[in-house]
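Number of protein chains: 4
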Amino acid sequence: MAPTDRYISENTFFVRYAETDAMGIVHHSVYIIYFEEARSHYSRVRGADYADFERSGYWLTVAEVHARYHAPTRYAQQITARCWVEELKSRGVTFGYEIVDTASGKVHVTGQSKHVCIDHQGRVSRIPDWWASVLAADIPKPPQG
Amino acid sequence: MAPTDRYISENTFFVRYAETDAMGIVHHSVYIIYFEEARSHYSRVRGADYADFERSGYWLTVAEVHARYHAPTRYAQQITARCWVEELKSRGVTFGYEIVDTASGKVHVTGQSKHVCIDHQGRVSRIPDWWASVLAADIPKPPQG
Amino acid sequence: MAPTDRYISENTFFVRYAETDAMGIVHHSVYIIYFEEARSHYSRVRGADYADFERSGYWLTVAEVHARYHAPTRYAQQITARCWVEELKSRGVTFGYEIVDTASGKVHVTGQSKHVCIDHQGRVSRIPDWWASVLAADIPKPPQG
Amino acid sequence: MAPTDRYISENTFFVRYAETDAMGIVHHSVYIIYFEEARSHYSRVRGADYADFERSGYWLTVAEVHARYHAPTRYAQQITARCWVEELKSRGVTFGYEIVDTASGKVHVTGQSKHVCIDHQGRVSRIPDWWASVLAADIPKPPQG
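Chains as they are written, first to last, in my numbering: chain A, 1429 to 1573; chain B, 1429 to 1573; chain C, 1429 to 1573; chain D, 1429 to 1573.
Check each hint, because a few of them may be wrong.
The list treats identical chains as interchangeable, and a pair is accepted whether it falls inside one copy or across any two copies.
Stated by the list, open to error - Taking lysine to any residue and the SDA-like style, the derived pairs with C-alpha atoms no more than 25 Å apart in a straight line are:
#1 Lys-1542 to Glu-1514
#2 Lys-1534 to Gly-1485
#3 Lys-1534 to Val-1552
#4 Lys-1534 to Ala-1560
#5 Lys-1542 to Pro-1556
#6 Lys-1542 to Glu-1492
#7 Lys-1517 to Pro-1500
#8 Lys-1534 to Arg-1554
#9 Lys-1542 to Met-1429
#10 Lys-1517 to Lys-1542
#11 Lys-1542 to Ala-1531
Keep in mind that the hints were calculated from the coordinates and are not lab data. Computed from a prediction, not measured in an experiment: that's the story for all the values here.
Working from the sequences, and respecting the hints, build out all of it.
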């Protein structure tokens, strides 16, 4: 389930024919690419371009990915990829995802990906402040009172 | 060059990270997929869904494809795929394509694809009238006078 | 870690250029495809072709996939995909995977995928006996004593 | 038709499930990747690794690609990709391809790709001698007499 206490980005697009397989449905590996584009979109709508992050000398390398397939999607179906920050640490971040049918809101695929910040020499690094602040805003505040 | 005498569809999207290769640019095979999505979009904006065409018992199988690479595109670049009907015959159709940078209009890749209409038993077939009429409107009229 | 008590299939191949991304390494979604080809190979070397399984009226649909990335792989690297049955149930099966460098044996990626047997009408089904027997042979025998 | 007067490399492999589409056949864009792997294999069997070529400061960028689809291929089909040098120039090379069914030899897809040698600053360059000599051996000698 998508959380209700933080920012969730949404990008909507049509399934491409090339993304289907001989079962007539979207191949399960393609959702990993939808997840990736969803986090690209996430940073884009938050005002921070991942391409700039890379150019500044870093990568958010993928350490782990998980997907759960609830229902198939098909060619030309309009779907929405929802993406949020599940957890932000000093050197890494975990994103959560939901792929839903745009019209009905039905959840088709859910997933998570864990990332580690490395520099271009491959060393694990602290996420730079400007990038962490973009992501940090999404972490839920402790309850007031 | 895109023709000026017929309908041209345009769909705009961002290059996905997964579409790049170790040269740091979009892999040349990916444009073949952009072409395909461009012709999906073409029929969509013309009011005819290719998925319906398939469900009616036909396929526009790909007989030939050609791409010419003028300039590379990169991750997160916003590009527009332009698509038009180059030639319509009773049993086949040729589409033309241009992949341009959305902001500058610079042409990055051009191409064509030739298709043959077959039924689900694999027999070459006449393009059904309802589908041909969608495409036929795009063929230039002979000059008046 | 790959188990030592059951059959493990191995298929060896070279990383394709198209499988790399702008980080200069194999894109993380590609390993999901390596996993799939590894289980195709698994059934092939066990004498049962997954294509025949499909033709007999069933699919092993993917319910869940997980990958953990230990080290990147690169273009032209020769790698070996190891695959085994982690768990066999009446209506489903879980495969385990290891992607290793062929020369050094170093483990680059590990993963699992969970599958549910469905018929071509989409109904969850018992795995047919001939197919289950292929997979069952891999389940470890209880210790003698 | 593959030429009979020069070296032709052959690499044999199985079609992966992920390479199929909802028509139940290999997606037409995938052959562009088979072509690429065929030329990787070509240089490999000729004793020159394209990865080394890249590391030496060059790329053979793709200027043009063409494919003609004669017959579909399907999941788990064993196919052979044949590759040869069609034309070698000082700054570029054209490769030819044939994708055939391994068992029957039936030709399924044919194609060509044109490449331009550039350095890592993007400047068109002469193909270095060591690399040209690898390719030059394949160009037919003029008839004696």
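Check your understanding: Should Lys-1534 paired with Ala-1560 be assigned to within, between, both, or neither, using CA atoms and 25 Å as the limit?
Key -> Classified as neither: same-chain Cα gap 32 Å, cross-chain 33 Å, threshold 25 Å.
Point to revise | Homo-oligomer pair classification [Lys-1542, Lys-1517; C-alpha up to 25 Å] | key: within (11 Å within a copy, 30 Å between copies)
Check your understanding: When no copy is named, should Lys-1542 and Ala-1531 be tagged within, between, both, or neither for a Cα gap of at most 25 Å?
Key -> Answer is neither; intra-copy 29 Å and inter-copy 29 Å both fail.
Review point. Is the C-alpha distance from Lys-1534 to Gly-1485 at most 25 Å within one copy, between copies, in both cases, or in neither?
Key: Answer is neither; intra-copy 39 Å and inter-copy 28 Å both fail.
Check your understanding: Between copies, within a copy, both or neither: which fits Lys-1542 and Glu-1492 at Cα up to 25 Å?
Key -> both (5 Å within a copy, 17 Å between copies)
Review point. With identical chains treated as interchangeable, where does the CA-CA distance between Lys-1542 and Glu-1514 reach 25 Å or less: within a copy, between copies, both, or neither?
Key: This pair counts as both: shortest intra-copy Cα distance 9 Å, inter-copy 24 Å.
Review point. At most 25 Å between C-alpha atoms: does Lys-1534 with Val-1552 qualify within a copy, between copies, both, or neither?
Key: between (38 Å within a copy, 20 Å between copies)
Review point. Quick one: Lys-1542 to Met-1429, C-alpha cut-off 25 Å, is that within a copy, between copies, both, or neither?
Key: both (17 Å within a copy, 20 Å between copies)
**Study point:** Intra- versus inter-subunit Cα pairing at 25 Å for Lys-1542 with Pro-1556
**Key:** Classified as within; 17 Å inside a copy, 37 Å across copies.
Check your understanding: Which holds for Lys-1517 with Pro-1500 at a C-alpha limit of 25 Å: within a copy, between copies, both or neither?
Key -> This pair counts as between: shortest inter-copy Cα distance 22 Å, intra-copy 33 Å.
Point to revise | Alpha-carbon proximity context of Lys-1534 and Arg-1554, limit 25 Å | key: neither (37 Å within a copy, 27 Å between copies)
The structure does not agree with the numbered hints 2, 4, 8 and 11 stated previously, though it agrees with the rest.
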